[in-house]
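Protein chains: 2
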Amino acid sequence: MDYKVEATAPGTSARAGLITTAHGTIETPIFMPVGTVGSVKAVQFRDLRDDINARIILGNTYHLYLRPGTEILRRAGGLHKFIGWERPILTDSGGFQVFSLADNRKLTEKGAQFRSHIDGSKHLFTPENVVDIQRAIGSDIMMALDECPPGTSDYDYASRSLDLTLRWLDRGWSHFNSTEPLYGYSQAYFPIVQGCTYPDLRKRSARHVASLGADGNAIGGLAVGEPAEVMYEMIEVVNEILPADKPRYLMGVGTPVNILEAIDRGVDMMDCVMPTRNARNGMLFTCHGTMNMRNRKWADDFSPLQPDGPSYVDHVYSKAYLRHLFIANELLALEIASIHNLAFYLWLVGEARRHIVSGDFATWKAEMVETLGRRL
Amino acid sequence: MDYKVEATAPGTSARAGLITTAHGTIETPIFMPVGTVGSVKAVQFRDLRDDINARIILGNTYHLYLRPGTEILRRAGGLHKFIGWERPILTDSGGFQVFSLADNRKLTEKGAQFRSHIDGSKHLFTPENVVDIQRAIGSDIMMALDECPPGTSDYDYASRSLDLTLRWLDRGWSHFNSTEPLYGYSQAYFPIVQGCTYPDLRKRSARHVASLGADGNAIGGLAVGEPAEVMYEMIEVVNEILPADKPRYLMGVGTPVNILEAIDRGVDMMDCVMPTRNARNGMLFTCHGTMNMRNRKWADDFSPLQPDGPSYVDHVYSKAYLRHLFIANELLALEIASIHNLAFYLWLVGEARRHIVSGDFATWKAEMVETLGRRL
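Read top to bottom, the protein sequences are chains A and B. The working numbering applies: residue 1 is where the first sequence begins, and numbers increase by one. The working numbering applies: residue 1 is where the second sequence begins, and numbers increase by one.
Source of the hints: derived by calculation from the structure; they are not laboratory data. Values in this document were obtained by computation on a predicted structure and should not be read as measured data. Possibly wrong hints are sitting among the right ones.
Identical copies carry no separate label here, and so any pair may be met within one copy or between two of them.
[Stated by the list, open to error] Taking lysine-lysine and the DSSO-like style, the derived pairs with C-alpha atoms no more than 27 Å apart in a straight line are:
#1 Lys110 with Lys122
#2 Lys4 with Lys203
#3 Lys297 with Lys81
The shape of chain A in the complex, shown without the other chains (with noise of 0.2 Å):
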């Protein structure tokens, strides 16, 4: 993998930049549909390819390793022809899905044990086997297992967390470092810095995980309840430290105000199940604003979605149509809705980084963040 910074915006620490993989590159900032088990939910690949124009997919290796499992997709030859995706797949280590689980899991020094919510059987995760699971998923890439510790740990057990984190990376690091890839393309392996809300955890792990020299940094343990505004601070804290000449992810995040705010502290790669899930609940995000479908106003407004809309979805179906699918419980409506909501997300960070690169990413994201956040 290989990433280079194509620009840089005045009076923030927002970048473009284009991170070359395996499967084609990858314009920055980027944000990345979740594909849960090989599947953006209700979502044709030829839609996510074409129309909402995401350029690399995220997978949960949790969720992989259950169903299809790894003898499937190691027959299949990866999970990129499984599926039929041929753009780059980034996955996730498992780790966050896991501790997810709360009573059905265990954590050792060894890993972490955990029952399949699909049918009790019991499994365990460790450092290195889940860097073999994504070497059999194929990921172009992969992520390191980290424990994922409840954002209001306090600091003893923040502290405590990391260090078995950071002992983990270095386990994993050193696994993935001594084994090869299956299916003859390169994978890379991004670190995780952790730490909770307190900087000097978070210093400590953004250094470890900066001395590594991997082809890409990470940033987990956000968005988990925490006040944006810790987040954001947060996000410096560690930014400063991240090296500048690798991409930085942050994992899980968030609404399109948390997107741009990420952006402008220097974050390139960005995953959320916000545009999907919300969309399933009849919600869509705009440039404009937000609109909650289900409601009545709509039942006669007979104009497109969005006139002005990235999509051809927010052209051909109108607003009342929109709501009576909603109304009337029709798959169909669930399917518009997600690909309005991505197809917005991925016009959003191409936004962005023509901003950027045009020099005026300050003022745009300023007047931007206010529109967001409306109720339409």
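Given the structure of chain A, go ahead and fit chain B onto it with the hints provided.
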């Protein structure tokens, strides 16, 4: 509406025709995907038009009357504009749905009283007001209100039911002829032949229907549990009477084999929820037989869904991947399977037409009926 026969198939009653409506032409025989409440379930209109190549779709008056309601449809300028579909639309009369409500409806000379399945509110469908509702919908082809007696009705009930249906038909026909379309283009009105499985009732009904000289005629009350051979016999009895220079629409039919047998007996139009409903249950129809996509046998079959299939989904998605999506309960599974099945149904009637025109329909049909029934 205009119809002309373009070719007939030697040794059968099959014919290739052309229906002309205000929203374009329809080559017959044709299958009409069902868009119950203004959406063909799980399918984008772009795919319906360009990939599935649907020439006409069906809407259900009962469902559209309840949601979004005639007031919204009238203000939208009709269903075509409301849903953004520029090709022809046929609407049923609502009768079939009302009679499916069992305890929640009451039959009188005036019409059919029923309670909404959504909120329990009371409504009345009459032969006249279902014309008015379909005027508001703006369908290219409207259907008469009929009673759909149970398939198991005894002769006495079937006969009295038919009498009522014929009185309703005369009222509806008269109302149709004394009202005008609302949106500047003409609408056709098809009467429906009933009579359960009693040949003399079917004949009486068909003679009455034929006497009206409508633009097209329908056969209802079949495929409701009677043996297929009985259905075919009823089609033959009726089609001997229904005018050959008008299209014949067999309502709610059916399996791919049913469709070929109906075409063989002179039917021109068909609709059924089977391709979409079965798709959502994981069943694919192909010209080589049917596939249950939840079956374990597909888990490691990485070949395309149908290498010689008519739709793009047949080529870009594998059997193993679609099986995985069904097992993981992903919405994309429903979309892929629905597109596949509808594209197959449209392919099937298109091939039937091609073979009618080229003169070898009978041979082709015999071979096809043999393979369609296989389980892959």
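To see whether the hints hold, each was checked on the structure:
1. Taking the shortest Cα distances, Lys110 and Lys122 sit within 27 Å of each other inside one copy (15 Å), while across copies they are farther apart (65 Å).
2. In the homo-oligomer, the alpha carbons of Lys4 and Lys203 lie at most 27 Å apart inside one protomer (24 Å), although the nearest pairing across protomers, at 79 Å, exceeds that limit.
3. Taking the shortest Cα distances, Lys297 and Lys81 sit within 27 Å of each other only across copies (19 Å), while inside one copy they are farther apart (44 Å).
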